[in-house]
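Trainee: Residues per chain are reported as follows:
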Amino acid sequence: MTAFITSTGRFLPGPPIGVDEVEDVLGLVEGKPSRLKRRILKANGIETRHYAVDRTGRTTHSNTDMAVAAARACLERSPLEAADIGLLACATSQPDLPLPGFGSMVQGVLEIPSVELISTHGICSAGTMAAKAAFNTLRLGEQQTALVVSSELSSRMLKHTRYEAAGGHDKVDFQAEFLRWMLSDGAGAMLLESKPRGQCLRIDWIRSFSHADAFPVCMQVGSPLDREDARSWQDFPTYAEAEAAGALLVRQDLRLLENIVKLGVDGALRLIEEGVLNVKTLNHFLCHYSSHHFKSKVYDMLEMAGAGIDEEKWYTNLYTRGNTGCASIFIMLDEFWKDGRANVGDTILCMVPESGRFNTAYMHLTLVDA
Amino acid sequence: MTEPVALERPDVLTELGQETLRRLMRVWFDFERRLGKVPILRRLDTGTFTREDHLALLRNLRPQVVEGGRWIARCASSFDRDHADVRSVVIGHAQEEHRDYEVLEADYVAIGGDLTDIQSRPRNIGTEALHAFLMHRASQPNPVDLLGAMWIIEGLGDKMANNWAERIEELSECGPEATRFIRYHGENDEGHLDKLYGMLDRTCTSPERADAIVKTSKVVARLYALQLEEIDHV
Chain A
1 MTAFITSTGR
11 FLPGPPIGVD
21 EVEDVLGLVE
31 GKPSRLKRRI
41 LKANGIETRH
51 YAVDRTGRTT
61 HSNTDMAVAA
71 ARACLERSPL
81 EAADIGLLAC
91 ATSQPDLPLP
101 GFGSMVQGVL
111 EIPSVELIST
121 HGICSAGTMA
131 AKAAFNTLRL
141 GEQQTALVVS
151 SELSSRMLKH
161 TRYEAAGGHD
171 KVDFQAEFLR
181 WMLSDGAGAM
191 LLESKPRGQC
201 LRIDWIRSFS
211 HADAFPVCMQ
221 VGSPLDREDA
231 RSWQDFPTYA
241 EAEAAGALLV
251 RQDLRLLENI
261 VKLGVDGALR
271 LIEEGVLNVK
281 TLNHFLCHYS
291 SHHFKSKVYD
301 MLEMAGAGID
311 EEKWYTNLYT
321 RGNTGCASIF
331 IMLDEFWKDG
341 RANVGDTILC
351 MVPESGRFNT
361 AYMHLTLVDA
Chain B
1 MTEPVALERP
11 DVLTELGQET
21 LRRLMRVWFD
31 FERRLGKVPI
41 LRRLDTGTFT
51 REDHLALLRN
61 LRPQVVEGGR
71 WIARCASSFD
81 RDHADVRSVV
91 IGHAQEEHRD
101 YEVLEADYVA
111 IGGDLTDIQS
121 RPRNIGTEAL
131 HAFLMHRASQ
141 PNPVDLLGAM
151 WIIEGLGDKM
161 ANNWAERIEE
171 LSECGPEATR
181 FIRYHGENDE
191 GHLDKLYGML
201 DRTCTSPERA
211 DAIVKTSKVV
221 ARLYALQLEE
231 IDHV
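Residue numbers (this note's numbering), protein chains in the order written: chain A, 1 to 370; chain B, 1 to 234.
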């Protein structure tokens with residue numbers, strides 16, 4: 001048994017924000033422009049992105065609002081209604097409330113009665129985790145329909161006031177500032193059904209390989225800036241003290257990040273060896289690389305392995321929609337599909353490398369006509 | 001008589017050569033993950049590596065570097081006249097590396113170590129196993145499988161220079177005068193890897209040979225990691 005993606009939807013808050021406006025929205029830390037901004041923005045290649053905060057730092061859409069908007073956009077293209085959904089699987093790295101789970105909040109607004117609920121937690125790969133859980137539930141025959149929603153609201157963590165609270169320019173290092181120029185907001189959704197409906201995407205398989213056993217943390221929120229201090233944000237007497245120590249900043253270890261390329265390629269080679277992936281017959285490759293910097297590296301290493309994927313098969317909308325973490329691959333698939341880039345019979349490989357503690361996920365789809 | 005020919009990086013590998021390279025890449029990725037769990041190297045990643053670690057690393061690498069010249073020379077002498085071209089490459093390689101340990105010793109002294117201390121240090125138990133395996137394989141007729149050993153050892157040289165050198169200087173607070181051995185390897189090993197691609201096409205002439213190359217790479221990867229796990233365990 002398998003499952004089919006019969007509809008997709010996306011939501012991107014507010015107008016597209018160009019490179020020159022990014023710091024206007026997020027604000028100047030201590031009134032001074034960033035010295036690193038240009039360099040990082042140039043390397044990631046993102047031209048426009050969206051934020052769910054306005055220039056005063058006020059949140060314009062909650063994470064739940066965005067997830068719901070993407071879910072509704074997805075359902076609008078389907079004869080099914082919210083009440084027909086058997087399973088709701090929701091992913092995010094930053095829910096509006098630490099408790100309860102993100103899925104509960106999304107269900108509450110969508111008003112789906114008695115739904116089976118899954119909330120996944122992680123970073124970029126959390127969306128594919130939710131998709132896999134939904135795919136398996138349908139394959140088992142326990143549900144006939146599943147709505148998978150993946151949403152990210154990072155900008156709340158990137159406002160100038162966060163960095164000022166952690167000590168401003170004197171305390172905040174490159175690792176803590178890096179993601180400020182990388183991440184932005186958005187949501188995507190997919191409707192899964194156990195039977196095909198019109199032109200739809202058959203899910204052939206979803207797989208992932210996690211390497212937390214072999215690597216320390218690479219992207220995180222929760223540890224203070226002082227490396228000698230082993231406390232997590234929850235171990236401080238007050239949350240105010242945790243914030244002052246920089247424990248609430250989102251950070252990336254750039255030195256470790258380079259591992260993402262070979263781990264992504266390693267997973268692809270495993271799937272080739274296993275016989276489930278054939279790059280020669282593959283038609284489209286949707287790769288969630290977080291930055292343009294990594295594209296040529298992945299390309300070259302696949303080429304070296306004799307598993308190269310022709311440049312014209314690569315697709316991304318990173319440059320216009322931004323890096324929206326776990327929502328990225330959903331937003332990418334939605335735009336790719338709606339633009340009519342695939343023909344019936346085409347195979348599509350989606351790849352989601354997560355740098356958090358290195359988890360790489362792969363989803364293989366085929367466009368079919370019922 | 002077969003004239004020795006230069007083995008250069010081919011534009012396209014044979015199908016078997018390409019498949020073997022793919023398998024070797026997987027072995028390499030596994031090896032890197034295993035290294036990530038080795039305590040002394042994990043400290044490089046977590047930023048807790050110290051000057052003492054730097055001394056211990058050099059002290060424990062030296063016996064293998066000394067023996068390196070020997071197994072490569074033994075390997076060269078085990079190739080018959082039908083493999084004269086391969087033998088030429090291996091002899092050149094042995095010539096280039098057989099006194100590398102002198103650079104390593106100078107680095108040890110530069111960071112405050114005692115020369116007689118490092119010179120008198122016996123092989124650790126991981127080095128014993130690695131050395132014994134390499135000498136054993138090098139003594140077999142036409143030991144093409146040792147290409148798998150070169151893949152791991154040369155690849156590690158590249159990794160040392162590109163991933164370790166700067167980090168070691170930063171964490172053990174030393175200058176480049178104490179990381180010359182580690183850096184030297186990175187500068188040179190890329191040339192070595194080019195030769196290795198040429199050798200891959202030359203030696204992967206049957207599925208059995210390809211399997212032998214991959215297997216030897218796995219054994220060497222495991223034993224190399226063991227050498228780094230068993231720091232000062234003699």
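Derived by calculation from the structure, the hints in this document are not laboratory data.
All values derive from a computational prediction rather than experimental measurement.
Do not take every clue at face value.
Estimated spans, in silico, between C-beta atoms of each pair [to be verified]:
hint, chain 1, residue 1, chain 2, residue 2, range
1, A, 77, B, 48, 51 to 59 Å
2, A, 100, B, 46, 31 to 39 Å
3, A, 77, B, 208, 37 to 45 Å
4, A, 79, B, 14, 37 to 45 Å
5, A, 304, B, 140, 24 to 32 Å
6, B, 119, A, 304, 37 to 45 Å
7, A, 232, B, 48, 13 to 21 Å
8, A, 276, B, 110, 48 to 56 Å
9, A, 168, B, 48, 22 to 30 Å
Cβ coordinates follow ideal geometry from the N, Cα and C atoms, glycine included.
Trainee: Between residue 276 of chain A and residue 110 of chain B, is the Cβ distance one that fits in 48 to 56 Å?
Mentor: holds, 52 Å
Trainee: Honestly, do residue 304 of chain A and residue 140 of chain B meet the 24 to 32 Å range at C-beta?
Mentor: holds, 29 Å
Trainee: Given the hint of 13 to 21 Å, is the C-beta distance from residue 232 of chain A to residue 48 of chain B inside that range or not?
Mentor: Check passed, 18 Å falls within 13 to 21 Å.
Trainee: Could one say that the CB atoms of residue 168 of chain A and residue 48 of chain B fall in the range 22 to 30 Å?
Mentor: At roughly 27 Å between Cβ atoms, residue 48 of chain B and residue 168 of chain A fall inside 22 to 30 Å, so the hint holds.
Trainee: Does the Cβ-Cβ separation between residue 79 of chain A and residue 14 of chain B fall within 37 to 45 Å?
Mentor: Cβ of residue 79 of chain A to Cβ of residue 14 of chain B: about 54 Å, so the range 37 to 45 Å is violated.
Trainee: Quick one: are residue 119 of chain B and residue 304 of chain A within 37 to 45 Å, going by C-beta?
Mentor: Since residue 119 of chain B and residue 304 of chain A have Cβ atoms about 40 Å apart, the given range 37 to 45 Å holds.
Trainee: Does the Cβ distance between residue 100 of chain A and residue 46 of chain B fall inside 31 to 39 Å?
Mentor: Because 34 Å falls inside the window, the suggested range holds.
Trainee: Mind checking the hinted window 51 to 59 Å against the Cβ distance between residue 77 of chain A and residue 48 of chain B?
Mentor: Roughly 53 Å apart at Cβ, these two residues keep to the hinted range, so it holds.
Trainee: Do the beta carbons of residue 77 of chain A and residue 208 of chain B sit within 37 to 45 Å of each other?
Mentor: violated, 56 Å
Checked against the numbered hints above, the structure violates hints 3 and 4; every other hint is satisfied.
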